[in-house]
Structure formats: structure tokens, C-alpha cells
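Enquirer: Those sequence lines, one after another, are chains A and B.
Okay, so the first sequence: first residue is 1 according to the working numbering, each after it adds one.
Okay, so the second sequence: first residue is 1001 according to the working numbering, each after it adds one.
Simulated from the structure, these hints should not be mistaken for lab results.
In this text the structure is predicted, and so the values were computed from the model without any measurement.
Glycine residues also receive a C-beta, built at the ideal position from the N, C-alpha and C atoms.
Hints are supplied without guarantee of correctness; some may be wrong.
Footprint (simulated), chain B over chain A, 3 or more residues, beta carbon under 8 Å [stated by the list, open to error]:
(1) 226–233
(2) 238–245
(3) 250–264
Chain by chain, the residues run as shown.
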Amino acid sequence: MAKTSQRLLDPHFVSKLARLDLRARLVVDGFLTGLHKSPYHGFSVEFAEHRQYMPGDPLRHLDWKVLAKSDRKYLKQYEEETNLRATLLIDTSASMSYSSHGLSKLDYARQLAASLAYLMLRQKDAVGMYAFASGRGELIPPRSTPSHLRQLLVLLDRLEAAGGTDFASSLHALAERVKQRGLIVILSDLLDDPERIASAIHHFRHRKHEVLVFHVLDPQETSFQFEREATYIDLESGDRVTTRPQELRADYRTRVKGWMDKIREFCIEKQADYVAVSTGTPYDRALLEYLSKRARLL
Amino acid sequence: MFSFLNPGFLWALPLAGIPLLIHFLSKRRLPEIRFPTVTFLRQLEPREIRRLRLREILLLILRTLAILLIVCAFARPSIQPKDAAARAAAAVAVVLDDSESMGAMDEQGRPRIEGARERGLAIVDAARAGDEVAITTTTGPDAPLSNRSGDRVRLTRTVRQIGTTWLPGNMEQALERARRFLGRSSLRAHELYLISDFQATNFTRGAREKLALLSRAGTRVVVLPVVSSRVPNHAIEDLDPELRPGPQGKGLEMRARLVNHADAPSERLSVRARLGDALIGGGDVTLQPDESRWASLPIDWRAGAGAGAEIKGKAPVVVESDVDALPGDDRRFAVLGAPRRLRVLRVMESRAGEPASRFTALALDPGQDGSGGYLVETGTPASVLSLSRSRYDVILLEDIAALSSDAEGKLRAFLREGGGIVIALGPHADPDYYGHKLFPGVVDLALEGTEHAAEGQAFEIRARTPAHPILEGLSLTVGSPLTQSRLVALAKGRTTSPRAEVVVMTTGGLPVVVAAHQVSVFLGSLSDDWGDLPYSGAFVPLVRGLVDHAARTTSPESRDLSLVGRPPAAHLDAAPPGLVVVRGPDSYRSQATVASDGSGFLAVADTPAPTPGFYVFEAGEREAAVVAVNPDPIESDLKPVSMESLQAGSPDPPRAIVTVRSLRTHLRDMRQGRELWLLFLIGAALALAGELALASARAVGP
Chain A
1 MAKTSQRLLD
11 PHFVSKLARL
21 DLRARLVVDG
31 FLTGLHKSPY
41 HGFSVEFAEH
51 RQYMPGDPLR
61 HLDWKVLAKS
71 DRKYLKQYEE
81 ETNLRATLLI
91 DTSASMSYSS
101 HGLSKLDYAR
111 QLAASLAYLM
121 LRQKDAVGMY
131 AFASGRGELI
141 PPRSTPSHLR
151 QLLVLLDRLE
161 AAGGTDFASS
171 LHALAERVKQ
181 RGLIVILSDL
191 LDDPERIASA
201 IHHFRHRKHE
211 VLVFHVLDPQ
221 ETSFQFEREA
231 TYIDLESGDR
241 VTTRPQELRA
251 DYRTRVKGWM
261 DKIREFCIEK
271 QADYVAVSTG
281 TPYDRALLEY
291 LSKRARLL
Chain B
1001 MFSFLNPGFL
1011 WALPLAGIPL
1021 LIHFLSKRRL
1031 PEIRFPTVTF
1041 LRQLEPREIR
1051 RLRLREILLL
1061 ILRTLAILLI
1071 VCAFARPSIQ
1081 PKDAAARAAA
1091 AVAVVLDDSE
1101 SMGAMDEQGR
1111 PRIEGARERG
1121 LAIVDAARAG
1131 DEVAITTTTG
1141 PDAPLSNRSG
1151 DRVRLTRTVR
1161 QIGTTWLPGN
1171 MEQALERARR
1181 FLGRSSLRAH
1191 ELYLISDFQA
1201 TNFTRGAREK
1211 LALLSRAGTR
1221 VVVLPVVSSR
1231 VPNHAIEDLD
1241 PELRPGPQGK
1251 GLEMRARLVN
1261 HADAPSERLS
1271 VRARLGDALI
1281 GGGDVTLQPD
1291 ESRWASLPID
1301 WRAGAGAGAE
1311 IKGKAPVVVE
1321 SDVDALPGDD
1331 RRFAVLGAPR
1341 RLRVLRVMES
1351 RAGEPASRFT
1361 ALALDPGQDG
1371 SGGYLVETGT
1381 PASVLSLSRS
1391 RYDVILLEDI
1401 AALSSDAEGK
1411 LRAFLREGGG
1421 IVIALGPHAD
1431 PDYYGHKLFP
1441 GVVDLALEGT
1451 EHAAEGQAFE
1461 IRARTPAHPI
1471 LEGLSLTVGS
1481 PLTQSRLVAL
1491 AKGRTTSPRA
1501 EVVVMTTGGL
1511 PVVVAAHQVS
1521 VFLGSLSDDW
1531 GDLPYSGAFV
1541 PLVRGLVDHA
1551 ARTTSPESRD
1561 LSLVGRPPAA
1571 HLDAAPPGLV
1581 VVRGPDSYRS
1591 QATVASDGSG
1601 FLAVADTPAP
1611 TPGFYVFEAG
1621 EREAAVVAVN
1631 PDPIESDLKP
1641 VSMESLQAGS
1651 PDPPRAIVTV
1661 RSLRTHLRDM
1671 RQGRELWLLF
1681 LIGAALALAG
1691 ELALASARAV
1701 GP
């Protein structure tokens, strides 16, 4: 079982599956199966549906009648009133299309967003989505109905990486539009000025939003393991730099690490959670971060 | 001046452009990689770009330089010497040592002369069209073997034909020939190549002076030692032509003088004497380092006769030892005479109240029957008047005060006839008489009274010439005490010419035993008047040595007459009936000139003996005499002279080149200029090493 759950959390395995909703469900199921304690904490008075008992579920929700009749363990689920409104912000700038090993950053972000949305909706949290790139953005306001997932997945499915990142402007615009306080989950490579990123986060914090930043990077972006001399073309600006990777590698790594540390520091300073994820990183880390954040909020 | 000896290779110089070409081609074909952002790269670039470009340029330079240097190395770059004369045609004198010692073998059994020829050929090979080359040898004729010849074929043939001779080298004469040749040449550049084993015995003071003279005259002197270290060698230096009775008069002994020219002892050196094919005697001899001594070899004279040899008076005997580095001196020829007894007239003065001393008589003839090899007759000073060569071989004057004029005249006549004189002084001998009257014309020794040792003390006496025949029976080294006896008084003497040799002296420098031609002088007393010498172990050998020395020098088979390179000479008792012809080894044949020499006739061949061996003098189809001819033992000591001593004191010291390869390099440098291809290759290797280091330093990054 553990092996299967690990497999379901592997980005490369999941990326091979056809449908996004299936992928999201598999990820979340795989993730939840691996947890000892159920993450569900909502309460309600109105019965909604049954679901099969999973080890770790509180026994107080067990439907004893069904157990007595059919000798099967089912939990009663209720229409919860959520107290969490989450908005997933997905960076669709051209730099997100980069992939050094088959899975682009956007693919990873897309999959992670779908999984998060599925998880959130299963917890009866309201989920919205905002896909943004330079000068454009598409917002789906948060809702908690199960059918809302489809709308979110449709958006995710047609996302394409293009254009530059005016990260700060996009986020500032969104901050103005999202009035009700909630959780802002940012999935981006944050290729913008850290000061401006900090300013945008600050804007959300000012609006009393909680912010969770998933810094999605390709392994090559941090390790720079190229061997041959080559001309490097910026995916967003089209700038070209010809250099020998082996000459610059050490300095490059230092500089990238400094940049990431700086963003992390800003996030800490603005009381936002910062999680650096590589496109090779299993999804469970991101999901755990989310659940941890949610636990703190509720 | 810089030039290339193989300029054809310079066409490959454009190859040096290959690294540049590769560099630009690789720049043109760079792959393009799309990357999320180049911001960080761009930030790094300004700082790194200069370093990278510098490294790139350095790598390019090193690669290009390496190819350039390799191509140039193949083109054989050379630089001419600063001295313009060195490039001009030169007069080249080659002195090649062909003396007997050049036949010495090295560890591989290769004679030195081969190495010398190899060097000579290298010099000839390097000769240019305008050069004048002369080759001379150290034993060769007075004129150079090949004079002013630029004909390389002829010169090569000349060098190939040079072989070792049996002659001793005369380096001084050879250098003088070279000097004359160079002096006659009109060419400005003079070079002298001296190929030799540089035997110390060959390099006389005169030879060194000649070398310095050549160097001072501007000749570029190059010495080419064939060997650089001392090679051990033992030799049979001399043979006593007379057999002597053995110990206690039993059997016969032959005496051979052996020498060990080595730093280590020569253990159990086997020495054999042959008469024809028959082994007639021999023995094992152990020699200490640098020891030279007479060894007595037991001889079975009848063994030779049994082998069919006819032994009546004299017989040709070959003495051989184990063969070593120089085989030539491990064999010696001698014509041994039948054993004879020395007839000694012992002259003493009878003094009232003093018993006559019998020490010397007992030392020479203990059995009074002549079995010890000496027939001793005792007489008074008056007996000297009847002295004649036909009756006596040696006269021994023992503590005689003075001789009458007539007796003195007889003594001098006896000396002229070849007789030997032994003079022992003593308390009664008048130093004034001996010093001023008897010694002049007999021995160059001055006497100035008597010297007494301090009260209760005795003179310390030491051997000065341990290898001298007088000390033959004593095992001595230089400075070793002669005897444990106490000598308390001595006649105070002083030699006045090198002809009188001090054999034994006191530690204070007083002569004790002096040797001259046909004369032995003992400045102490042979009785117990001036000490207890007669009671010491040295007495008998010393007395016999004194007598033997005086007698031996009378022998007609003197070594001076029987060396290779000199005309063989024989003493004939009677006038030959007709023409005397001399026959020897290697088809030697020569006529001989006969002249009276007082006691007989001396026949001297017209042609020098070229090789050792027996030379037969025939007169009227009859064998008149046989003489043994041997090589000069001076060639046996292979100890080389130090190169430093040759180079000292000269403004432009000779250059010493040891190996043939170094010589070829030197000649090439001199004739064609100094080749730099090796330097270029080293430079290329360094450039490649630098390139590798720079490239690997770049690659080692994290």
C-alpha cells in the first residue's frame, strides 16, 4: 500500500495519467491513505452522503445502523459550512513552460493545483483559482460545491505558458478583487524582483489573507548542471547569453540560493509560508504544507 | 645566428592555426538552450567574462605555441656559436693513443682502442669540406699519419687501421706533432682532440706543458677519455734471468717481479713458468694493493729437459699469470741462464786483538760449500791487487780503512769490466778517503764523518724504496722499519746525483743503503761494531741483496736492451763468423751490427722489435744468442690522470667529453651550430602541460 501511495505522489508517474480529475483524485487518495490521522475537521448538521470508513477516521461519525445491518463500515458525511476560502494563484508566464526532464513547471503547478483543489473541496473548503501572466489573468471565485471542481479543472486544463511575468502587478490586482479574507496559495517560479514579490504578498497580508507560496522550480534552475558551452535564451525576454556552464556553475548556484533565501526571508517577514518545490519533488510535501497551514487557520 | 637544418618542415607551420580554427568553429556551432531566465547568468557574466576570455586566450596561445614548437623542432633549429671562427673551416689535430694500455679490456671484454677508434671516426665524420684534419698516434711515426686531408674516406680508413701497439705511449711527442701541424695550417680555427686512456704514467710534465702551450696558442683543446676510472691490473714487471738455488740450497728458484695496480689485494695470483710447452714451475702469489715485489717461484729445471727441450746453457722461458684487464703484461719472456754461483771476494782487514768478523761469510755461504748460491773467498786489501773479472763477480769491502792506489786502480778496472762492488763502512773506514778518493767515479756519494745516535738511543731506519732489489727478501712498504736491530752509528753520507739512489734511510734523513750501477753501499757496519744488525732477521737478506744488486747490474741481459720498440741486442762472447741476422716473432727479420764492448761483442739489430717474444741472433747459420724482448712495464699501471689536473692552470681549460654521444653533439654544435630541437620539444611539452593544467583547473569546478 505504501508503495502504491508513493507512486501516486510521484509527479512523473502522475503526469502520465490522462485526465486531470483522475490525477487529482489519485494524488489525494494516495496522500490520504498514507496519513494516520484524517485531516477532516469540519462539522455540520445536515447529512450529505456516506463514504467508506478509512483507518484513522473518527469513530463518532461511523453509521452504526448501517454497520448493524450490513456489517460494513460507513461514515456519515455532512454538508459542512466551510470556514476556509482558498484561492489558487497559478503563474502561467512563459518561464513556467521550462522542463529539463519532461515535466514542465506549469504541468507540475497544474497538477499540484488540481490536487489541492480536490483536497480542499473534499474538505468542503471553498476553492477559487486565478491563472495569471503578464497583462492577463483569469479568476474563478471560490466555491465549495463538488461540481466546482470541474470548472477549476477545465481552467487548469487549458492553461498555457506564455508571456512575461508581471508578478507583482497581477497579484496587486487580485488583492484588490478578493474582498473576503481567506487563504491565498501561490504556485509560481517567482521570477520577478523579490522586493516586488514581497510587496504583493504584503498587499494580501494587508487584506488579512493568509498566504502560502509554492516556489516551483526545475532542478536545472538550481543546479545548472549543463556541460557544454551554449547560448542560453531567456524564455520570457528572449535575451541571449553565451557562456560555459562549468565556469559559472558555482557562482550561479550561490546566486540562485541567495535569491531564494531572499524570497524566503521576505515571506517570513510578511508572515507568509514559503515552500520551495522542485518539479521532481513528490506532491505530498505540498499537500502537507497546505494541511498544516489549514490546521493553523481553523 | 639562428637557422633551421631541415627547413622543409617549416611548411607545416600553418598547422599552428588549427587550434584557432577549432576555436572559431566551435563558437559558431554553439547549441541554444531555452532557459527560464538568464538574469543570473547575465549578472555573473561581466565579472567572469574577463577571466574566461583571458583563460581562453591563454589556452589558445599555449596550443598554438605547442604546435609551433613541435613543427620547429622537426625543422631542427640551431644556433651558431658566437665565435665566428668556430664556424669557419678548422685545422683539426687528432691524437689517438695506441699504446699497449689501450688494449685493456672493459667489463664487456671490449678493448679501449675500439672506443678510441669510435671517437676518432666521429671526429672524421664531422669534418667539413674545408677542414684540414691530421691524425697522429702516441706511438706512431714522427709525422702525422694523415696530414692536411679533407678526404673523409682516407681519414676513416686511417682511423680504422689504428690498433694497439706493444709500445709505451709518448704523449709529449704526439702533442708536439699536433702542435707543429696546427702551427703550419693557414686556417684560423685550431682544434685538438686528444683520445686516450690518460694513463698517469703517460702524462709527463712535458706532455702537460705541451697541452697548456696549445691551449694558450688559442687551440680549442678537447680531451676524450676512453675510461674515467682506475681499472685494476696486475703485471709481471720483470724476471731475473738467472736461476738461483732454493731455500737451504735445495732446488732452484726463479724470481719474478710482480705488481698489483689495484686498490684491492690480488689473492692467490697464479704464476706459471713454461719452457716450450712444458710447465717447469710456478706458484701462487698474493699481492697487497699497489704492492710491487719480487716473488720466488720454484723451478723444476729437469721438467723442461724431459719435455725434449735442450737445456745446456740458457733456455727461453715464458712466465704467465692469470689474465686480467690488460693481457699484454700478464706474460713475460726471459732467457734463463743455468744456475750459477756468484763468486764473491770478501775483503777484510786483520786487526790485532780483534777476531775477524764472519757474519757476512755466514750470511752468504753458511755451508761454506757454495750451496747457497755464493762462493765466498775472504782476503785482505792486498788481495784486491789480484782482482779480476774472470775470478770474481763481486768484491765486498768490509770496514776497510783505505785502499792503496794500486788496489784502487784494480777496483776501478774491475768495475769497468762489469764486476760489482759492495762497500760496507764501519768504525775503521776513513770517511775522508771514501768520500774524496774512492767514491768519485764509483758512486755519487759524499761522506762527512760519522754520526752517532744519542746516548742509549739507536737510529730508526726506514725503507725508502721498498721494491728495490736490495730489499728483495724483505716484505716492506714505504717507511716501514727495516729491522728491529739497533744501529747506533752511521757514516754521515749525502748523495750528490740521482744516479745514487737512497734505498734505506734513517728517519732523520741519513742514507743507510745507497745503490748505484754495479755498486751497493752500506753506510753502517756489517759487523756488530755499530749495533746489533748481524743478529737481526734483516741481516742475511740485506747482505745478499747488496751482493745480488751489485752482481745483477753486470748482466748483459739488462732490461734496457730488451724492450719492445728498441732494437734487440745480444752479448756475444766471440766475434761472429759473418753477417748476423736477427729473427723474431711475426716474421721479424733484421740484420745486426756487431761491435766490441770490452768483455765481448754486442750485436744490435737494425730494426726495433715490434712485439714481445724471443729474438734469435744467427751468425753463419748458427744460433749465436737468444734474447727476450718484453713490453715496457710502464704501460701496466692503468691509473688515469685526473682531468682536473689537465685543466688546471690554463686560461682556456680543455673540455673533457666522456661519451661518444656527447662528442657527436659537441661536434655537431661546433660544425653546424648548437641544435635546439630538444629545447623546442621541451618547450612544446611545457606548453601542453600548461594547457592541460589550465583546462583541468577549469573542469574541476563544482
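Enquirer: All hints are to be evaluated individually against the structure, with a verdict given for each.
Expert: Tested hints:
{"no.": "1", "hint": "226–233", "in the structure": "holds (count 7)"}
{"no.": "2", "hint": "238–245", "in the structure": "holds (count 6)"}
{"no.": "3", "hint": "250–264", "in the structure": "holds (count 7)"}
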